[in-house]
Amino acid sequence: MSWQIINQSLPIFAKAFQLTIWLSAVGIILSIVVGIFCSLIQYFKVPILSQLITAYVELARNTPLLIQLFFLYYAFPVIGLKMSAQTCGIIGLVFLGGAYMAEGFTGGFAGVSSTQIDDGKALGMNNLQLARYVVFPQGFALSMPALTANIIFLIKETSIFSVIAIPELTNTALDLIGMYYRTNEYLLILVIAYAIILIPIILLLTYLERKVRYGTFGD
Amino acid sequence: MAHSAINVFFSGNNFSRILQGLWTSVWIAGVSLVIGLVLGTFLGVLRTLPNKIIRFILRLYLEFFRIVPTIVLLFLFYYILPRSFHINWPASWMAVLAFALWVAAEFSDIVRGAIESVPIAQKESGLALGLSKVQLFRYVLLPQAVQLELPATINLATRVIKTTSLLMMISIMDVIAIGQQIIEANNQKYPTAVFWIYGLIFFLYFIIDYPLSVWSKRLAARQDR
Chain L
1 MSWQIINQSL PIFAKAFQLT IWLSAVGIIL SIVVGIFCSL IQYFKVPILS QLITAYVELA
61 RNTPLLIQLF FLYYAFPVIG LKMSAQTCGI IGLVFLGGAY MAEGFTGGFA GVSSTQIDDG
121 KALGMNNLQL ARYVVFPQGF ALSMPALTAN IIFLIKETSI FSVIAIPELT NTALDLIGMY
181 YRTNEYLLIL VIAYAIILIP IILLLTYLER KVRYGTFGD
Chain E
1 MAHSAINVFF SGNNFSRILQ GLWTSVWIAG VSLVIGLVLG TFLGVLRTLP NKIIRFILRL
61 YLEFFRIVPT IVLLFLFYYI LPRSFHINWP ASWMAVLAFA LWVAAEFSDI VRGAIESVPI
121 AQKESGLALG LSKVQLFRYV LLPQAVQLEL PATINLATRV IKTTSLLMMI SIMDVIAIGQ
181 QIIEANNQKY PTAVFWIYGL IFFLYFIIDY PLSVWSKRLA ARQDR
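Chains as they are written, first to last, in the numbering used here: chain L, 1 to 219; chain E, 1 to 225.
Next up, chain L with everything else stripped away, as it sits in the complex:
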């Protein structure tokens, strides 16, 4: 273990650290958007679309991100669709994350008591209003535990971006190991970097989970 090696590589890791955070943030936000959209369509059983979404969710959840990324990055150019590594990374992460989020929200929405829906209908709400004012606010609170698990999962999955040479944390560490063979130092920094990102997020989300648990009615 040499402090000099660690010190020298810190600026490189700082850059990778930012990239991991940036890719995670974009990926998670888009995944949540996709997830909410898909789960609302499934909730209201929109014909055809909801079957398509079920197929998408099953495909994305039952295959590894690595092969999804390989497909996007290496196989798509063959049929004339060439994208940068980072674009592939984000698309892959959102393809996977959107499905996990959809599953989580669907579970949460299913927990909204049916009397709440009936009351909404009795008040003359249409589906859009039901979604906006009844299902979503209550279902969201119920999906918090799944949301938390998915956010942590997706941040960790960005490590797989290293296979398509996106210079995020894991890729940077592997690159440095390949060049200088200082495995102990670089792997230590790598683990600490993930801990710095994940521990505050885990604590924050667990806190939020406790806060929003009050927001349900009609049981």
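Worth flagging that the hints you see were computed from the coordinates, not collected in a lab. Virtual Cβ for every residue (Gly too), placed ideally from N, Cα, C. Hints are supplied without guarantee of correctness; some may be wrong.
[What the hints assert, rightly or not] Residues from chain L that face chain E, not an exhaustive set, calculated with beta carbons under 8 Å:
id: 1; residue: Ile-12
id: 2; residue: Thr-54
id: 3; residue: Thr-63
id: 4; residue: Leu-66
id: 5; residue: Phe-71
id: 6; residue: Tyr-74
id: 7; residue: Ala-75
id: 8; residue: Ile-91
id: 9; residue: Lys-156
id: 10; residue: Ile-164
id: 11; residue: Thr-183
id: 12; residue: Leu-187
id: 13; residue: Ile-192
id: 14; residue: Ala-195
[Said to hold, decoys possible] Straight-line Cα separation of at most 30 Å, DSS-like style, residue types lysine-lysine; simulated pairs:
id: 15; chain 1: E; residue 1: Lys-217; chain 2: L; residue 2: Lys-82
id: 16; chain 1: E; residue 1: Lys-52; chain 2: L; residue 2: Lys-45
id: 17; chain 1: E; residue 1: Lys-189; chain 2: L; residue 2: Lys-211
The hints should help you fit chain E onto chain L, whose structure is shown.
Same frame as chain L, but now just chain E:
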């Protein structure tokens, strides 16, 4: 064009090599799961005991495996064990060790949750019948916990199977590494081979994992009723 490239599956022994690679992934997943579930049950039972120090240490163990991405875990075992501890196993056994310890961590939490959610009356009735602590776990708590934890366990298995896609990162000849070799070898003759090979591997993972996740969902739905 496209329909000729599908021949890449059948030229030479490509198809049997892919299945061979798949077998590597499957046995590593299987062995890690067996070891991990046994160790995890043991750790999970320990976590329900009142000893605070043991519980704290096992909690740290769990959180470590939760925070470190699996790909990093593989590298930790692959690089550090041979150098710092002079353990020179083949890469596939390093992977089994890393996966088994990861499974044990996750499963210990599933077991703990399941044991704690067995109704308290069951535990008290057992004690009232004069069962010892060991008998209580063996005949009352664990059999009921197994029922409760089955859906989460199957889910964990699907995750382990998906994670075997990372094995190529520590130079194990898994299904993806073999796929890459076939693509490189056939690049001239079948330029679209990459599409078909990765497509096939995507599909193979799906047909292994999908039935398992359907099964797990059914079991979970039955328990909710």
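Inset, instruction - Hold the hint about Thr-54(L) up to the distance rule: shortest CB distance to chain E must be less than 8 Å. - result: At 12 Å from the nearest chain E Cβ, Thr-54(L) fails the 8 Å test, so the hint is violated.
Legend entry - Proposed proximity, Lys-211(L) with Lys-189(E) (alpha carbon, max 30 Å): 60 Å, violated
Legend entry - Restraint outcome when Ala-195(L) is required to lie within 8 Å of chain E by C-beta distance: 5 Å, holds
Inset, instruction - Mind checking the CB of Ala-75(L) against every CB in chain E and telling me if the closest is under 8 Å? - result: Holds. Min distance 4 Å.
Legend entry - Proposed interface contact between Tyr-74(L) and chain E, which counts if any beta carbon pair is under 8 Å: Check passed: Cβ of Tyr-74(L) comes within 5 Å of chain E, closer than 8 Å.
Inset, instruction - Would you check whether Ile-164(L) satisfies its interface hint, that is, whether its CB is within less than 8 Å of any CB in chain E? - result: 12 Å, violated
Legend entry - Cut-off 8 Å, beta-carbon criterion: hint that Phe-71(L) touches chain E: Because about 5 Å separates Phe-71(L) from the closest Cβ in chain E, which is inside the 8 Å limit, the hint holds.
Legend entry - Interface hint outcome for Thr-63(L) [beta carbon to chain E under 8 Å]: 5 Å, holds
Legend entry - Supplied contact hint for Ile-91(L), tested at 8 Å Cβ to chain E: Check failed: Cβ of Ile-91(L) comes no nearer than 15 Å to chain E, outside 8 Å.
Legend entry - Supplied contact hint for Lys-156(L), tested at 8 Å Cβ to chain E: 4 Å, holds
Inset, instruction - Go through the hint on Thr-183(L) and say holds or violated, using the shortest Cβ distance to chain E against 8 Å. - result: Nearest chain E Cβ about 4 Å off; hint holds.
Legend entry - Per-residue hint verdict: Ile-12(L), partner chain E, C-beta under 8 Å: Violated, because the Cβ-Cβ distance from Ile-12(L) to chain E comes to roughly 17 Å (cut-off 8 Å).
Checked against the numbered hints given earlier, this structure breaks hints 1, 2, 8, 10, 13, 15, 16, 17; the rest are met.
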